[in-house]
Amino acid sequence: MVQKVLEVNELKVGIKDEGKKTNIVNGVSFDLYKGETLGIVGESGCGKSMTSLSLMGLLPPGVEYLGGDVRIDHLHFKDFRKKDWRKIRGKRIAMIFQEPMSSLNPVHTIGNQIMEMVLNHEPMKKKEAKARALEMLQLVGIPRPDQVLDEYPYQLSGGMRQRVMIAIALSCNPEILIADEPTTALDVTIQAQILELMKNLQDQMNMSIILITHDLGVVAEMCDRVIVMYAGEIVEESLVVELFDNPKHPYTKGLLASLPDISEQKEYLSSIPGVVPVYGNMPIGCRFAERCPQAHDRCKETPPLVVKESGSRVKCWLYEREEAEVIM
Amino acid sequence: MTSVGLEKAVPVNPPRRPHLKKLWRFIKKNPVGFIGLILVALSVSCALFAPFITPFDPSKASLSSRLAPPSWADPKGESAFLLGADQVGRDLLSRIIYGARISLMVGIFGVLIAMVIGTVLGLISGYFGKWLDDIIMRVADIQLAFPFILFAIVIMSVLGTGIWKIIIILGLTYWVGFARLIRGQVISLKEQEYIQAAKAIGGTNFNIIRKHILPNVLSSILVLGTMYIAEFILLEASLTFLGLGVDPTIPSWGGMLADSRNYITSAWWTAVFPGVAIMITVLGFNLLGDWLRDKLDPNMKV
Amino acid sequence: MIAYVIRRLLHTVLVVLGISLIVFFSIRLTGDPVSVMFAAGEPTKEAIAEVRSNLGLDEPLYVQYGIFLKGIFTFDFGKSFRSGMPVMELINERIGATLALALGGMAVAILIAFPVGILSAVKRDTAVDFFGRIFSLLGISFPNFWLGIMLILVFSVTLQWLPVSGFEGFKHLILPSITLGLILSGILARLVRSSMLEVMNQQYVSTAKSKGISEWKVIIKHAFRNALLPTVTFIGLQFGSLLGGTVIVEQIFSWPGVGRLIIDAINQRDYPVIQGGVIYLAIIMVLVNLIVDLSYTLIDPRVKVGGSKS
Amino acid sequence: ACSGGGEESSTNEKSDSRENPAKDRGNEIIIGVSGEPQNWDPIDTFLLDWSTIATSVFEGLVDRNLNLEIQPGLAESWEYLDDQTLQFKLRQGVQFHNGEPFNADAVKFTFDRLLGEEGQKGPQYSNYTSIDSVEVVDEYTATFHLNSPDPVLLTKLAGYGAVIVPPKYVQEHDDEFFNNNPVGTGPFKMTGYKRDQEIVLEKNPDYWKEGLPKLDKVTFKVIPEASTRLAELQTGNIDVMKRVEVAQAETVKNTSYLELIDVGTPTVYSLRFDPGQKLMDNKLVRQAINYAVDKQSIIDEILSGYGKQISTYQSELSFGNNPDLEPYPYDPEKAKELLAEAGVAEGTVLDVYIPGNDGNFKEITQAVAFYLEEVGLKMNINSVDNTTLISELIPNGKAGHMYRQGWGGWTLDFDNTAYLMYHEGEQWNPSFKDEKVEELLAAQRATVDQEERKKIFMELTELLYDLAPELNLYQAVDLYAANSRLENFQPPHDDRMRLEEVSVK
Amino acid sequence: MTEQQNVLLKVENLQKHFPVKGGIFGNKTINQVKAVEGVSFEVKQGETFGIVGESGCGKSTTGRTILRLLEPTSGNIYFQGVNIAEVNKTEMRKLRKDIQIVFQDPFSSLNPRMRVKDIIEEPLINFDVKDRSEREKRVHEIAEQVGLTVDQLSRFPHEFSGGQRQRIGLARALITKPKLIIADEPVSALDVSIQSQVLNLMKDLQKEFGLTYIFISHDLSVVKHLCDRIGVMYLGKMVEVAEKNQMYDEPLHPYSKALLSAHPSSHPLKKKNRIILKGDVPSPSNPPSGCTFHPRCSSCMDICKTEAPSLQTVRDQHDVSCHLYTEVNKDQEYLYE
Ligand SMILES: Nc1ncnc2c1ncn2[C@@H]1O[C@H](COP(=O)(O)OP(=O)(O)OP(=O)(O)O)[C@@H](O)[C@H]1O
Ligand SMILES: Nc1ncnc2c1ncn2[C@@H]1O[C@H](COP(=O)(O)OP(=O)(O)OP(=O)(O)O)[C@@H](O)[C@H]1O
Ligand SMILES: [Mg+2]
Ligand SMILES: [Mg+2]
Ligand code: NI
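Protein chains in written order, with the working numbering: chain F, 1 to 328; chain C, 1001 to 1302; chain H, 2001 to 2310; chain G, 3001 to 3505; chain A, 4001 to 4337.
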């Protein structure tokens, strides 16, 4: 079996307001294997970013861990202390963010920002670090890298900045790269460049990628396995081809159907009625039930996450009977 | 940013709580704002209810009780005044209570004048830009570079003296702060799509400013206003210190403080209690302003 | 860049012209210097008229203004009615004291405000934040003369740690600087706090944290550096007006600064000194602002000359 | 000296008995003053601040001693050759600080300068216009030729403008240099001057008075704020504090190593009426106000007794003061009667203008307001910028019904005050007019016979007493505080500090 | 769509340059951002004209210039025969009744401090519908049509989701019964599940009101879904205009080809051969010489570096601006594949 590099168990993240807890990520469990690309898709606000940030201990102020545990290699994070995170950040897990425009510090040079990462984790002289930075810039295909080293982020285009972010993230050879919507802010032609680059680098470095996106097209291009999230929960997990060919959860189905297809022509797109429920006012039971065309009485109870023989999982009462094993 | 907005989409219906509990929640969440509120409320109620709560007539001078110490600190036990008496034998407590009127008046009306002038000019400058902006900003520069005290003397010799003149002086000096703040905000607001949209649906400039721009700069105007109120109260004191204050019979904190500066060692109460009154109010308004800013607009720059 | 500087200097000229007009005509509304000179003695009407004409005050206003204007461009503001000294020399004599006080006040303000502001922002909504903010506001809650006198009473008279007043050595600078600095620090700390809060929410702070570097390094190197920009603007503006004189602090501490020179001149209606002083200060203020704007380019590489972000 | 009041504080125990912090300073003293003139040229100034310091540097032909008596200065003697000719015999062997000899040429030069182009730029010139020319008779004899008889000339020659300056020095250097580096014949020479900070005087070893001065060095520190000045005194950084505020008197008295010294001054304070205003043109109203106010209480309470009642607008030090006139007694009933007689309605409002920077007077005005309220008059107090008040409001009759005016009468002769205050058309007299007063004013100027003049002044003061052109409040008492290490320090009545006799323990 | 359809809007050689000010007085234009550099196209009554292109290529500027929210630098814009570019401000204000715009960002395009009903009502006030009840009636009508309920009308924008906000924006645009709506990326900020709701709504409304749309987007699949004809913009220029299917099946311009191929596939197994373009979009203030696309173009010829091609009809209803299709090269059939 392939090596497991990350194990997330019943992760709960939320806000505490005068003792009242609101879960933003509500018991998410998944594994990540060496060398694979795991996609996480879902609508805006469903908790994708919070999930990924919680894997790095970067939750924004006010948002806290409320339960669960994370295993990275043999490190076990249970009480999520600040110090522990610092050991893995950058070295084991690296991250790139959605906004290439604002993820680089505007007042430091590109070179310094890469070197900072290197120097922090490896006992190196400044000169060596600089050489490494240059190397990284070359690796991510930045033209005239020696000049770019001394330039500031504002002097680069969005695509180039995202490459720099990738360079920073990869400069210490992390085992896991979390990419939170790395191309959403970019143009299609640039997106194509970046995705291509990430694929190539993954092959070279044999790392695992968690790719967060809301673009099913990107998932189709990039991922091996996909997790679909809805309102803070995983509703479906399966291999990518399986997901597109044979989606199981009604939400996944609706999502795929509402996508305009460049190769097909429909007069109307099918759409999922209603809106995503809000935290603090979550429906009891299945969170998708209000919008689900196949909802029935049982949906008033929280459905189990059913693991199917193909290895895929789905959280819906419709699949209860086929269950092989019920977790939870 | 999208998700944050969405979060508010459905109104949450909290179970009806008793008011006290709500208050407690507010206090726990905003201790700073609460303290500010209490302090401001204290001085505002002094100002409003002065005639009902003062133990003595604040302008009733009596040379025999000149500089009588606070009753609790009087070794002879003769003093009838809780906080002592001032240089002409008036009850300090009563004067401090009445002083709230003048100090708040200076603060509030001064700020109103500055606010109105600054807002109008700032809106014009920011919205129309070009030469209007240039002119208004140069005038602002000139105003800034012109020494405040000279300005005060000039205004006073042209208009005469009195509390309203001080208010006018403060208003005419401090409009610049409002104008600059608002100009900056308008310039960035102008780029907002809803302003473009307002144009696209045929709005006239006046309507766009009135309906779309003004309401959106209001919160920062308010915040700056509270801070200026605090500053104006202190400025009134400084003006009195420099001999440009109000009629000394009118009880104003600044005046009391400035006039008692030589008594700090011999009759400390004349200098300390008005100082405390100023501190409480100024601190109150500053805390209130701080809280308002955090509440209304976390990105506001001073 | 050069064009920008020249443009700003031209603005300065406009501002200076505006101020010259206002100063010139407005002080003439407020009383007559010769009457002031004759506050004692034998001020017969003839004597007053004589002195007026000797001082050139009986010329038509436009002629006087013309002379003044010409003076501005040759940096010759005439001679003080009171001391007979060239105005420029009077100002130059004092600019050192003024500068020392302004720098001292700024230094105190920064020393207090930066740590308090940063801590307040980092520990937002905790007790540290609460007390930090109250503390920084205390400084602006007292009139400056009151604060100054109190400081003297406590530190000089009672404790005898520091000299009372005067402009002699470093020790003399401490109390006035604290008086000024406390007042400034309140506003500055508040500004630092709010810009820190803003910056701490930026993505690049998360990026920095994701590199695994220590929290304080993130705060200082990444967050604070970016929060500096609005702070520098404020410091610049304040510095400009500090040079313009903090009359009251100067008076309390017998500090021979420009502010006192001008207020004395105002009290004496010493026209040349008022006019010259105000213009001089206006120029300094505009120049300081220009320098502040130019310094943005050092702090924030995004800023092109002209103060706008690219 | 004749102190103006000041009840001796009954207790001699001092609550603050710290050790004298200034005890080791040596044979020099430091004096804290509130201001300095910025210009040491005697003809350019009228400031008391000038005289406080420059009296030690410059000397005139005649001099006033600490008791204000006229005595020989640089002139050993003088005599009136006729009403318009005055001859001086000069002291011999006197040198200016720069070594220049003092002689009749210097006298002539001084007055030519004062009356010439240079002098006409300053305010002193107008005091001496009765001098037509100065004639050098021989090296040590100078004769003054006058245009008209001037009864107060000798007094004036003891004034600032008439101090003798060194001719060569002044001619060799430009005006600006002399402004900053004064040279005279006085007991001290100025060796250091930092504008608005400090003035250093050092002993003039060649001073003509044997054995004087006793001090080696005197430093004046400029400390405008009274609280700061007191703090400097308490901490021993200065030995003498000029202008102690009444409010501070207690603190000084309570400090073991400090002494409070009070001295009566020629300066008088009043709230002057503007008879150009309705109401104030009525003598009854003016008198009523004088009756209505309890001046003694004000002096006792607000000034802690450091002040003295006056009957007319002059001090007891002034030539022309009428000792027989009793100040208006405090009689509110009488005041009410008079007001009723004048038909003044209850609650009539009077506009009062006072300078905002005089804390004491603010309190006094409020007390006055309190007394007037008792008789049915209301006061609307306008506290304004002092300079605006004196240079704009008062001369133009825009200072309301009453305004504060303080007047020193520097010649110590009622002529100066009375002429400027009551002669029609003067700068300080916007509207007072009385035929009889004009007559008497002219008459006293026409003679140099002091007895004659005195008689005229007695008549004039009686007349003015009745006309009551002002609410006369008090003659000021100056408070000085000195470190107890000083010996022989006697504060001047007129701000002109005499330091040659001062020494330290 | 048939030939006889009336042309509703005709844009001729539209240019919009943003001056970059400089000089001593700040009034000298030292440089220009050529955001729109000679764009021409026609929009017919009732059709949906799509404009696609990368960020910064001038799509929004084109849209806003048509509404005169930005003053055009030069060129003509005929709307129903009236040249919008030349009318004065008051007339323009009236014309805005007929041309409306829907913005990309549903969050910043609604005034956060106004109630929804006031937002929707505002155009009526601007266009002098004096009667209050009349206005209210129309607000209710239009709200219903875009799928908002009456009780939602008294809420504030922040209480709505993105999709709902876009509905509010549409309602505001529609209430004056305009003929033309410029939709500037109306769905790019929305989630897919919401996006489809809005797209469907737009289609419905078009049918109901006989609307004409100019639909600006960078999402090729959305454009394909909604539009009848499509223009591809690159660096301020229209490089290709064609009927939808032609554009998607046989794009002519090398840039269009790259753009289409870069679009992510809709199925993991349908991965296609990508043309990955080199480099970034050049800056419009300093565009490359000749054909502005030449530095990134794989079929770049010598002429492309010096001479700018013009938009020419090379096929029925298919215009392209590329030297590959000028006379010289026209016979090279292979280009058409
Ligand atoms: N700092 C915060 N404090 C409180 N709640 C937050 C905070 N940041 C995000 N949330 C809430 O957490 C929920 C999940 O947010 P998250 O950013 O993980 O969504 P997402 O799936 O990444 O969405 P998107 O596609 O828009 O990035 C949202 O409902 C959001 O309102
Ligand atoms: N007000 C303006 N001042 C100066 N330049 C501008 C202005 N507005 C737009 N530009 C520039 O004009 C060019 C075209 O901008 P435009 O907004 O039209 O692009 P777009 O195609 O709509 O891009 P996007 O897809 O990002 O919305 C850009 O380079 C932009 O920087
Ligand atoms: Mg996210
Ligand atoms: Mg756009
Ligand atoms: Ni005596």
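Just so you know, the hints here were simulated from the structure itself, not pulled from any lab data.
Beta carbons are placed, not taken as given, at the ideal position from N, Cα and C, and that holds for glycine.
Any given hint could turn out to be false.
No farther apart than 30 Å at their CA atoms in a straight line, the calculated lysine-lysine pairs in the DSS-like style are these [as the list claims (entries may be wrong)]:
| id | chain 1 | residue 1 | chain 2 | residue 2 |
| --- | --- | --- | --- | --- |
| 1 | C | LYS1295 | H | LYS2045 |
| 2 | F | LYS199 | A | LYS4179 |
| 3 | F | LYS83 | H | LYS2045 |
| 4 | C | LYS1211 | A | LYS4094 |
| 5 | F | LYS91 | F | LYS253 |
| 6 | H | LYS2221 | F | LYS125 |
| 7 | C | LYS1190 | A | LYS4179 |
| 8 | G | LYS3455 | G | LYS3283 |
| 9 | F | LYS21 | F | LYS78 |
| 10 | H | LYS2045 | G | LYS3194 |
| 11 | C | LYS1190 | C | LYS1295 |
| 12 | F | LYS130 | H | LYS2217 |
| 13 | F | LYS266 | A | LYS4270 |
| 14 | C | LYS1022 | F | LYS21 |
Which residues of chain G face chain H? A few of them, derived with a C-beta cut under 7 Å, are [to be verified]:
| id | residue |
| --- | --- |
| 15 | ASN3039 |
| 16 | GLU3118 |
| 17 | LYS3121 |
| 18 | GLN3197 |
| 19 | PRO3224 |
| 20 | SER3227 |
| 21 | THR3228 |
| 22 | THR3388 |
Comparing the hints with the structure gives:
1. Restraint check: the Cα-Cα separation between LYS1295 of chain C and LYS2045 of chain H comes to about 64 Å, which exceeds 30 Å; the hinted pair is violated.
2. Restraint check for LYS199 of chain F and LYS4179 of chain A: the C-alpha separation of about 47 Å exceeds 30 Å, so the hint is violated.
3. At roughly 85 Å between alpha-carbon atoms, LYS83 of chain F and LYS2045 of chain H are farther apart than 30 Å, so this suggested pair is violated.
4. Proximity of LYS1211 of chain C to LYS4094 of chain A is assessed by CA-CA distance (about 20 Å); at most 30 Å being required, the pair is judged to hold.
5. Note on LYS91 of chain F and LYS253 of chain F: the hinted pairing is violated, with a Cα-Cα distance of about 38 Å set against a maximum of 30 Å.
6. Between the alpha carbons of LYS2221 of chain H and LYS125 of chain F the distance comes to roughly 20 Å, so the proposed pair stays at or under 30 Å and holds.
7. For the hint pairing LYS1190 of chain C with LYS4179 of chain A, the CA-to-CA distance comes to about 27 Å; that is within 30 Å, so the pair holds.
8. Proposed proximity of LYS3455 of chain G and LYS3283 of chain G is supported: the alpha carbons are some 24 Å apart, at most 30 Å.
9. Restraint check for LYS21 of chain F and LYS78 of chain F: satisfied, since their Cα atoms lie roughly 19 Å apart, inside the 30 Å limit.
10. For the given pair, LYS2045 of chain H sits about 35 Å from LYS3194 of chain G by alpha-carbon distance, which is inconsistent with the 30 Å threshold.
11. The suggested pairing of LYS1190 of chain C with LYS1295 of chain C holds, with an alpha-carbon distance near 23 Å, which does not exceed 30 Å.
12. In summary, the hint linking LYS130 of chain F to LYS2217 of chain H is supported, as the alpha carbons are separated by about 20 Å, within the 30 Å threshold.
13. For a cut-off of 30 Å, the pair hint linking LYS266 of chain F to LYS4270 of chain A stands: about 19 Å separates their Cα positions.
14. For the given pair, LYS1022 of chain C sits about 18 Å from LYS21 of chain F by alpha-carbon distance, which is consistent with the 30 Å threshold.
15. For ASN3039 of chain G, the interface hint holds, the least distance from its beta-carbon to any beta-carbon of chain H being 4 Å, beneath 7 Å.
16. Hint status for GLU3118 of chain G: violated, given a least beta-carbon distance of 10 Å to chain H, over 7 Å.
17. Evaluation of the LYS3121 of chain G hint against chain H yields a held restraint, the C-beta minimum of about 4 Å falling below 7 Å.
18. Interface hint at GLN3197 of chain G: satisfied, since its Cβ lies 5 Å from the closest Cβ of chain H, which is below the 7 Å cut-off.
19. The beta carbon of PRO3224 of chain G comes within 5 Å of a beta carbon in chain H, closer than 7 Å, and the hint placing it at the interface holds.
20. With its C-beta approaching chain H no nearer than about 5 Å, SER3227 of chain G sits inside the 7 Å limit, and its interface hint holds.
21. Hint status for THR3228 of chain G: holds, given a least beta-carbon distance of 5 Å to chain H, under 7 Å.
22. Using the Cβ-Cβ criterion of 7 Å, the hint placing THR3388 of chain G at the interface with chain H is satisfied: the shortest such distance is roughly 5 Å.
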